[in-house]
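Per full-length UniProt numbering, the sequence shown starts with residue 1, numbered consecutively.
Bear in mind the hints are in silico, worked out from the structure with no lab data behind them. Note that beta-carbon positions come from the ideal geometry of N, C-alpha and C, so glycine has one too. Where hints are given, some of them may not hold.
[Claimed, not checked] Distance ranges between label pairs, derived from CB positions:
hint : residue 1 : residue 2 : range
1    : Gln491    : Glu219    : 17 to 27 Å
2    : Arg101    : Thr501    : 28 to 38 Å
3    : Ala283    : Gly517    : 14 to 24 Å
4    : Glu109    : Ala283    : 17 to 27 Å
5    : Asp160    : Ser223    : 47 to 57 Å
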Amino acid sequence: MSNPALLGSITHTKAHPPSSPGTLLRYRLRRSLVLVAAIVTISAGLLQMRVEAAESSVVAVVNADPITRDALGRAALQRYGTDVLENLVNRHLILQECKRRGINVTSEEVRAEVIRVAKKFGLSVDAYLQLLQDERNISPEQYSNEIIWPMLALRSLVADRVEVSQEEFNRAFLSQFGEAVKCRMIMIGDQQKANQVHAQAKADPDSFVRLAKEYSEDETSASVGGLIPPIRRYMGDSRLEEAAFALADGDVSPVIQIGDQWIFMQAVRRMPATHPSPQALPAINEQIKDRIRDEKMKSAASELFAQLQKQANVVAILGDDAAEKQYPGVAAIINGQQISIATVAAECVKRHGEDVLEGEINRKLLTQALKQAGKTVTQVDIDAEIARAAISYGYVRSNGQADTDAWLEAVLSQGDVTRELYIEDSVWPSVALKILVESGVTVTQKDLEQGFASSFGPRAEVLAVVLSDQRTAQKVWELARDNPTDAFFGQLAEQYSVEPTSSSNFGKVPPIRQFGGQSAIEKEAFAMKPGELSGIIATGDKYIILRCQGFTEPVVDDIEAVRDELQRDLFEKKLNIAMGIKFDQLKQSAEIDNFYAVAKSQPRVATRPAGR
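Using the sequences and the accompanying hints, generate a full structural model.
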């Protein structure tokens with residue numbers, strides 16, 4: 001489009017040319033500048049129009065094939081509509097109750113709360129909002145509308161139920177700063193066994209560390225001899241607290257049943273109460289009150305929600321075919337107020353649009369590649385892939401056939417996913433990639449020989465020390481060389497290894513196989529003889545020292561006995577690698593314009609709360 005005012009100015013200037021040469025030169029220069037400005041303005045206008053058009057109707061273009069905003073909305077609605085609608089219903093219930101009680105949460109209150117929360121974490125508002133975006137994928141607008149506004153609204157609705165009493169504050173203060181007992185713990189799932197180990201601990205309290213390492217089923221504490229975080233009053237289960245505070249140093253508690261576990265402790269030492277500085281005390285007091293208030297608000301809000309939902313007349317239409325025909329374009333009706341499907345779709349795009357669009361782009365790439373190759377995905381291919389997945393995860397009938405019904409039931413029970421979505425998002429892309437690459441995948445004799453050695457051949461049994469710097473590695477290697485015994489090497493592993501398995505097991509690690517993907521380690525391990533020490537193996541940012549203890553016997557001697565199994569496994573592995581390479585190639589060679597991602601890279605903070 002042209003700029004009428006600017007073109008009028010150009011026309012007017014042309015009608016009255018100056019007469020003198022100097023003036024004429026200035027006139028021509030000015031005319032050129034005006035023409036350039038006109039062209040720039042017109043071009044900018046056209047560009048802005050294209051951007052606006054893209055934002056309103058097209059969210060991405062894949063090799064000149066567009067993905068519309070409507071298509072993105074339908075895809076997002078299909079995947080997240082139920083969850084998003086539930087959230088919208090809850091927000092509408094809150095909003096309706098606020099209106100009924102005359103409660104108004106303003107945008108200024110929302111902003112003030114965002115600032116307060118950011119300061120509580122010691123961050124600026126921009127840094128805090130960026131952290132939410134990076135760590136939790138929550139946009140500033142979503143945070144304001146879907147988290148802060150409902151929280152403030154609920155706080156107002158249940159204000160009379162969330163006041164913090166002095167007794168509640170005192171208990172919380174003691175749980176954070178009061179006297180504590182440092183303890184060791186043993187947790188065992190069998191009562192009889194727990195009683196037996198407890199008797200040993202009572203008879204010999206000095207053995208508690210060893211017993212915890214040998215018998216405790218809580219792996220985290222067992223690895224450090226049963227040590228657990230200090231126990232303070234009012235932190236959790238009162239039975240544990242009472243038992244801990246009744247112990248003198250070194251004493252062992254009775255056995256206590258917690259859920260389906262039996263637990264007993266040994267007191268290590270009493271820890272006196274801590275006393276915050278007077279300068280820090282006001283901030284600490286406010287933090288404690290905020291925490292109590294938030295906990296009480298959650299409980300009160302749950303009760304309020306239950307009450308509002310019980311009293312409300314909510315008709316869920318989305319997903320109900322008969323209801324959708326009766327109320328076209330409506331997702332739900334709340335106390336007579338309709339929520340449109342378009343509103344839910346827009347919310348789905350707001351929250352999940354980027355991820356859903358990525359999936360739609362990938363699907364478009366695969367569809368284009370299949371078309372170019374003259375290939376299609378058939379129902380037979382889909383069924384075969386589902387059967388393959390079922391077998392690979394152990395869902396097999398007595399006759400050896402895939403139990404696809406049980407497999408699909410297991411898949412669909414893991415989350416809010418339908419059979420159609422499972423096929424569309426997981427099965428179809430996998431099948432499409434396989435069809436594109438399978439003709440080029442072959443298993444050679446060399447592949448079979450290496451696969452046989454890796455899966456069935458001998459393995460090197462070694463002790464290992466893993467270090468994080470070369471200087472320490474050199475020191476440990478010299479110590480191991482000068483005292484060449486398994487026992488001493490194990491002590492070095494316990495003292496110096498930065499890798500938990502080798503450190504806690506005196507250097508013992510799982511046997512090393514050939515062609516397992518760690519060529520430097522494998523080469524060194526299989527070059528040693530029993531009792532020999534390796535060199536310092538640099539891999540990634542770690543330095544590894546090995547001591548050979550020998551080699552295991554091969555599981556199978558004859559490759560022909562397992563050739564078919566190897567052929568299938570190796571083909572599957574090579575096929576998966578080829579699929580990954582092919583997909584990367586498709587993405588790298590494609591021309592993709594993602595307007596949605598560009599728009600989202602400049603997030604806006606909400607200026608008003610949701611539902612207002």
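Are there hints from earlier that the structure breaks, and if so, what are their numbers? 2, 3
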